[in-house]
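Q: Quick mapping for you: the protein sequence lines, in order, are chains A and B. Read left to right, the first sequence gives residues 16 to 151 (this note's numbering). Read left to right, the second sequence gives residues 6 to 84 (this note's numbering).
Think of the hints as simulated: they come from the structure by calculation, not from any bench. Even for Gly, the Cβ is constructed at its ideal location relative to N, Cα and C. A few of these clues could be false.
Derived coverage of chain A by chain B (criterion: at least 3 residues anywhere in the stretch with Cβ under 8 Å from a Cβ of chain B; other residues may be distant) [what the hints assert, rightly or not]:
#1 25 to 37
#2 43 to 52
#3 125 to 138
Each chain is listed here by its residues.
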Amino acid sequence: EAKLRNWLYKVAASVCLKKHRSRNRPERELFLEDLKPAGGPETSPDIPDWSHSPVENLMNDELRARLARAVARLPHPYRLVFNLRDFEGFSTEETARILDLTPQAVKTRLHRARAFLRKELADYYAGGAGAGEVGG
Amino acid sequence: MSEHGDCRRFFELLSELMDGELDRATGERIRNHLGTCPECRACRATFAKTVEIFRTLAPEPVPPGFIERLKTRLKEAQG
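One chain only, chain B, in its complex shape (with noise of 0.2 Å):
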């Protein structure tokens, strides 16, 4: 990715924009840029596939009889 300055900006924006965060403005100037910019399309792409790698991980299970151990502490504090 170059120096330019949309490009930094781009990069400091790059979540923003893949959770539809961004103001409709920004967002539209960031897409402009992408639209010219193919290291940074490539540094999105590259993103969201991490993004999307990590969020396939299946979850760790909690230990076996935790929910249940919970369910009963609660209705012990609950009196």
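In isolation and in its complexed conformation, chain A is listed as follows (with noise of 0.2 Å):
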């Protein structure tokens, strides 16, 4: 069964790429220093410290749908990656093997989406709108 879902997401995963690429769009890279922390808000004291919150205490309908829009805007190679990492749970190797990409693409691709979703989560704190929750 195993091998018939890695086969299935290969599958689906080179039909995606096909279907992205005759759109002959450029693909927007994520870079890393765009994305570390430079003493930002989210550090900052002043800010609440969401990080010790439960999920399910910051998790609400706006922050759903900021979550979707915030996937959405993950350049396409960086999306498939992280779909399959954190989403579907699949191992870096099984990863690489469905995308044809190497081990340390597939990290490197995985780490700057993480870091470009941090960095809008980190926004949205840092901004207020989740203020409410985050203290709870």
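Using the hints, put the two standalone chains together into the complex.
A: The following block contains the structure:
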């Protein structure tokens, strides 16, 4: 069953990539330099430390919509890796085989995708949008 | 986070640290840095929470009947 699952994802990923490439749009790159904290507001003591709040306290409809939009904004190659690794639970090696990438490329893309999403969330909480939830 | 080299290196390796994919020596060095750098500890905490939050999102269900149609197509393809 695991083999069938991997094969299905490989076929699906191949179809997605082919369809995406046919649109002939240049892919946006994510650069770690743009995503690393720079003494940013998410590390400031003035901002509620949402990292210790249970997920169920953080989650609300507004945040769900925000998360969906953030994932949609990930450039396609990063989104594919993020989906396979963090949503579908494939290992680095499995993801590499499915997408025909090296394991190192999977790690790099996953890290940049996560850093991008972290920044999106940090901005969300720093802006006070989730302050009611994080304080509870 | 400061521009200190260890902070920068820590941020580059954060995912691999979380996923247990670092070799022992590198992991040790990063953990030692974490012990002395509150900014990197805060960074790790929000990074880990971000991953946790996204992992709790329920996956979008496939359309009704998709699985059955897929099985049928696979059987047909097998002849």
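Q: With reference to the structure, classify each hint as holding or not holding.
A: Taking the hints in turn, this is what the structure says about them:
1. Counting residues of the segment 25 to 37 of chain A whose CB falls under 8 Å from any CB of chain B gives 0; the rule of at least 3 is not met.
2. Counting residues of the segment 43 to 52 of chain A whose beta carbon lies closer than 8 Å to any beta carbon of chain B gives 3, which meets the minimum of three for the stated coverage.
3. Interface restraint, the segment 125 to 138 of chain A with chain B: holds (8 residues with C-beta to C-beta distance below 8 Å; minimum three).
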